[in-house]
Amino acid sequence: MTDIAADAISAAPAAKAERTTVLSVRQLTWRKFLRNKLAVVGLIILVIMYLSALLAGFIAPYGDRETHGQFARQAPHGLNFFDETGAFHPVPFVYGLKRTLDPKTFQQVTTIVPEQKYPLQLFVKGQPYSILGLIKSDIRLFGVEAPGKLFIFGTDTKGRDVFSRILYGAQVSLTVGLVGVALSLLIGVSMGLITGYFGGWFDNVVQRVIEMTMAFPQIPLWLALAALIPPTWSSAQVYFAISIVLSVLTWGSLARQVRAMVLSLKTSDFVRAAKYSNASTARVMVKHLLPSTMSHVLVIATLTIPSMILGETALSFLGLGIKPPMTSWGLLLNEAQSVQVIIELPWLLIPAIFVVLTIISFNFVGDGMRDAADPFSR
Amino acid sequence: MPIYIAKRLLIMVPTLLMIMVVGFIIMKLPASDFVSQYVLRQAAQGNTGIVAQQDMLREQFGLNRPLYEQFFTWVVNFFRGDLGISFSDLRPVSTIIMERLPATLVVSAMAFIVSWGIGIPLGVYSATHQYSPGDIGLTAFAFIGIGLPDFLLALIFLVFAFLATGDVLLGLNSMQYVNQPFSLAKALDFLSHAWLSVTAVAFTGTAFIMRVTRNNMLEELGKPYVMTLRAKGLPEKVVIWKHVFRNALHPLVTLFGQVLSFLINGFAITSIVLNLPTIQTTYLQATIQQDMYLAGAILVLIAVTVMVGNLISDVMLAWLDPRVRYD
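As given, the protein sequences belong to chains A and B, one line each in that order. Using full-length UniProt numbering, the first residue of the first sequence is number 1, and each one after it goes up by one. Using full-length UniProt numbering, the first residue of the second sequence is number 1, and each one after it goes up by one.
Just so you know, the hints here were simulated from the structure itself, not pulled from any lab data. One or more hints might be untrue.
[Said to hold, decoys possible] Derived Cβ-Cβ restraints for the label pairs, each shown as a range:
(1) A:133 x B:224: 56 to 66 Å
(2) B:91 x A:228: 24 to 34 Å
(3) B:11 x A:228: 21 to 31 Å
Please read these numbers as outputs of a predicted model, since none were measured by experiment. Don't be surprised by glycine CBs; every beta carbon is placed ideally from N, CA and C.
Modelling step: build the complete structure from the supplied sequences, incorporating the hints.
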């Protein structure tokens, strides 16, 4: 932050003259971010998404592996405020469901039973769950009384509640990109710092390696690497393997940009001053150079997450990514792979809406951060 | 300039070698190989005699030789133009690639033309009509295009096409035209299938190029020279197309290489979902079956395409913009 802080000192008197308040760089950045309405909306959506992923067990009416065998392939069966006579119910309710066999076609037909009404209840007992393995409970945010079923987004071919599974899937889909980005940040930033600061043969070798990673189009290499994951691995191992696969190609461009910044910064006055005051090389790199590159790096990282989320979705969609019993949005979409299924069970495509929403939000937030990263421009 | 191009081409050789090393390692990392997979599949079908033949098969494919020997044979033959044979259908890799290449090139070229042809004008419109309802609509469209995975879009198009016509437009030709020689009817049939995947991939591409064009245009429009031009009383059309647009084009040219890899990525999963006979589908199958020479050759081909694309975009930029220095 040293160079930005230096700018802040020169900018502060001007701000003082105008408003008689002095804002820190952080406050200025935050104000600038707030001015971008789309970015704020994106941030709010992301916060809600990550919170609900964290609290998936509490918010979802059913567990992710809880099957309702007799109600497989059930269309969305939502909440009603008005009953069949048109009377208004202040507490929404769901109709009871009945499965019968059509005597002519021998197909399972679900009919709504208007006489049975199950009002929505808060804090009902459901399957036990745990949040982060810390809080264990069986109280779920909402649900209906036992024989009634609440399938907001319908059920899949095995009779699992799609809404609940989207929430559980978010735990994987939303975090695999974060872990991937964290990994590529770690490798990219340290490589960028080292190669930029020391140069020499190591820099040359790393640059050639980066050139090579850049010559690979992401998806074919992801496919090849994902196909490498042994089928015997557990879900957790596969999860980390996928996030490693996703970060293999992205660290390079990050390292390049950090390197370029370090190259221009290492001759600047504040770095020289640090060196003259006997700071160790490690201290110069970590305390002085690293923070100066951070704002830029965070913007790139935010803009990389969406492509990683898309990558996980694509890999799982093809059956090369996350595997059951773990679930992710890509894996949920994997069930909707044929025209026939989509026509019969169109609600299986609902997870796609969440994918789109997440990616757009990340793009908005990234754009907002890019503008805010330089709080002194216009 | 020629020296620069020659230098870049020369650097490509070691990069290519490294790509081949990495590709080879990827194929060799799993404990199983093509033969063991093949034997498992055959045994599952009741062909138990195959187990006895597996050493012979390995011998025949050269899979029992030391790794470095396999690698060097592959690389040396590769640069001599012999890409090896495909284990799974025993034909030369080059034949299989040549079979798949035309369709791949045609659909990619179509998607490329559509995304640039539509993306650029829309981007210019969006920038010149900033915050108008048209711009807001296009921006929304662009964000959906960037957010929605193209394979899902292809799937949704497929469903709508099915509902509208009753045909499932999988592949690139109807059954009766597959393996037929080229004819006008076949070309038309090809178009009736190809529009689907091309539109799906081009949708994302258009959105991407539109956003970049819009940003570049807006940046250029804010520069003082635009005010000078307008103050001179030049017609707006001339200001936009002759001056601003030309300057906004430079960053787009640098995207050329990126767009190539973008198309390869886009068609990778779309063509698997839609069962298109493109090189990407072959690549995935070959990778999963560890048909290593086929997968390796396609990986190298793809990497070369991207590298050449990057080179072309750098050369084009240097040619377009005399301020760019290359050394």
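Going through the numbered hints above, which ones does this structure break? Give me the numbers in ascending order. Violated hints: none at all, because every hint is consistent with the structure.
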